[in-house]
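Undergrad: Sequence:
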Amino acid sequence: LGSPGEGGALPRCRPLQFASQKEVVLYAHFRRLDYFSEECVYAPEAFRGHARDLLKRLEAARPSAVLDLV
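The numbering of the sequence shown is my numbering, which starts it at 367 and goes up by one.
In case anyone wonders, no lab produced these hints; they're calculated from the structure.
Please note that a few of the clues may not be correct.
Claimed, not checked - For lysine to aspartate or glutamate, the following EDC-like pairs were computed, each having C-alpha atoms within a straight-line distance of at most 16 Å: (1) K422 to E405; (2) K422 to E389; (3) K388 to E404; (4) K388 to E405; (5) K422 to D434; (6) K388 to E425.
As the list claims (entries may be wrong) - Pairwise CB distance ranges (calculated): (7) S403 to P381: 18 to 26 Å; (8) E425 to L376: 31 to 39 Å; (9) P377 to V407: 33 to 41 Å; (10) A375 to A427: 37 to 45 Å; (11) D434 to A375: 30 to 38 Å; (12) L382 to G415: 16 to 24 Å; (13) R378 to A427: 30 to 38 Å; (14) F396 to R423: 25 to 33 Å; (15) A394 to V432: 13 to 21 Å; (16) R398 to E425: 20 to 28 Å; (17) S403 to A426: 17 to 25 Å; (18) D434 to Y408: 23 to 31 Å; (19) K422 to F396: 20 to 28 Å; (20) A426 to L376: 35 to 43 Å.
Idealized CB from N, CA, C, for every residue including glycine.
Could you put together the complete structure from these sequences and hints?
TA: Rendered as C-alpha cells:
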C-alpha cells in the first residue's frame, strides 16, 4: 500500500490506492471530509476523459472489470 521514496524522499502511504473513485467519494462523504468533486472543464476532451468513460462503462457492466485489469 505504500511506495518507496525516490532520491532520498520519504516513503508514501496510499491507503486508498486500490479503491474506486466511487468508494473514495463515499468515504469522504461519510467522514464529512472536504473534497473537490467537479471535473476539469478540459477533461472530457482529453484522452484521459475517454479512457475514464470506457472504464466507467466496463465497471457498470462488470464491477470487477477494473480490478481485473490491474
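Undergrad: All hints are to be evaluated individually against the structure, with a verdict given for each.
TA: Do the hints match the structure? See the list:
Distance hint between K422 and E405 is fulfilled; the C-alpha atoms sit about 15 Å from each other, no more than 16 Å. Of the supplied pair hints, the one linking K422 and E389 holds, its CA atoms being roughly 13 Å apart against a limit of 16 Å. Between the alpha carbons of K388 and E404 the distance comes to roughly 13 Å, so the proposed pair stays at or under 16 Å and holds. Of the supplied pair hints, the one linking K388 and E405 holds, its CA atoms being roughly 14 Å apart against a limit of 16 Å.
Restraint check: the Cα-Cα separation between K422 and D434 comes to about 14 Å, which is no more than 16 Å; the hinted pair holds. Proximity of K388 to E425 is assessed by CA-CA distance (about 11 Å); at most 16 Å being required, the pair is judged to hold. Remark: the range hint 18 to 26 Å for S403 to P381 is upheld by a beta-carbon distance near 20 Å. With their beta carbons about 33 Å apart, E425 and L376 fall inside the hinted range of 31 to 39 Å.
At about 35 Å, the CB distance of P377 to V407 agrees with the hint of 33 to 41 Å. Checking the proposed 37 to 45 Å range against A375 and A427 shows it holds: the Cβ atoms sit about 40 Å from each other. Between D434 and A375 the beta carbons are some 32 Å apart, a value that agrees with the proposed interval 30 to 38 Å. Taking the beta carbon of each, L382 and G415 are about 22 Å apart, inside 16 to 24 Å as hinted.
Taken as a hint, the range 30 to 38 Å holds for the pair R378 and A427, whose Cβ atoms sit roughly 33 Å apart. The hinted range of 25 to 33 Å is satisfied by F396 and R423, whose Cβ atoms lie roughly 26 Å apart. Remark: the range hint 13 to 21 Å for A394 to V432 is upheld by a beta-carbon distance near 19 Å. A hinted range of 20 to 28 Å holds for the C-beta pair R398 and E425, which are about 26 Å apart.
Take S403 and A426: their Cβ atoms lie about 19 Å apart, and the range 17 to 25 Å holds. For the pair D434 and Y408, the supplied restraint of 23 to 31 Å holds, since their beta-carbon distance comes to about 30 Å. Between K422 and F396, the C-beta spacing of about 22 Å keeps the proposed range 20 to 28 Å intact. Between A426 and L376 the CB atoms are about 38 Å apart, so this pair conforms to the stated range of 35 to 43 Å.
Violated hints: none; the structure is consistent with every hint.
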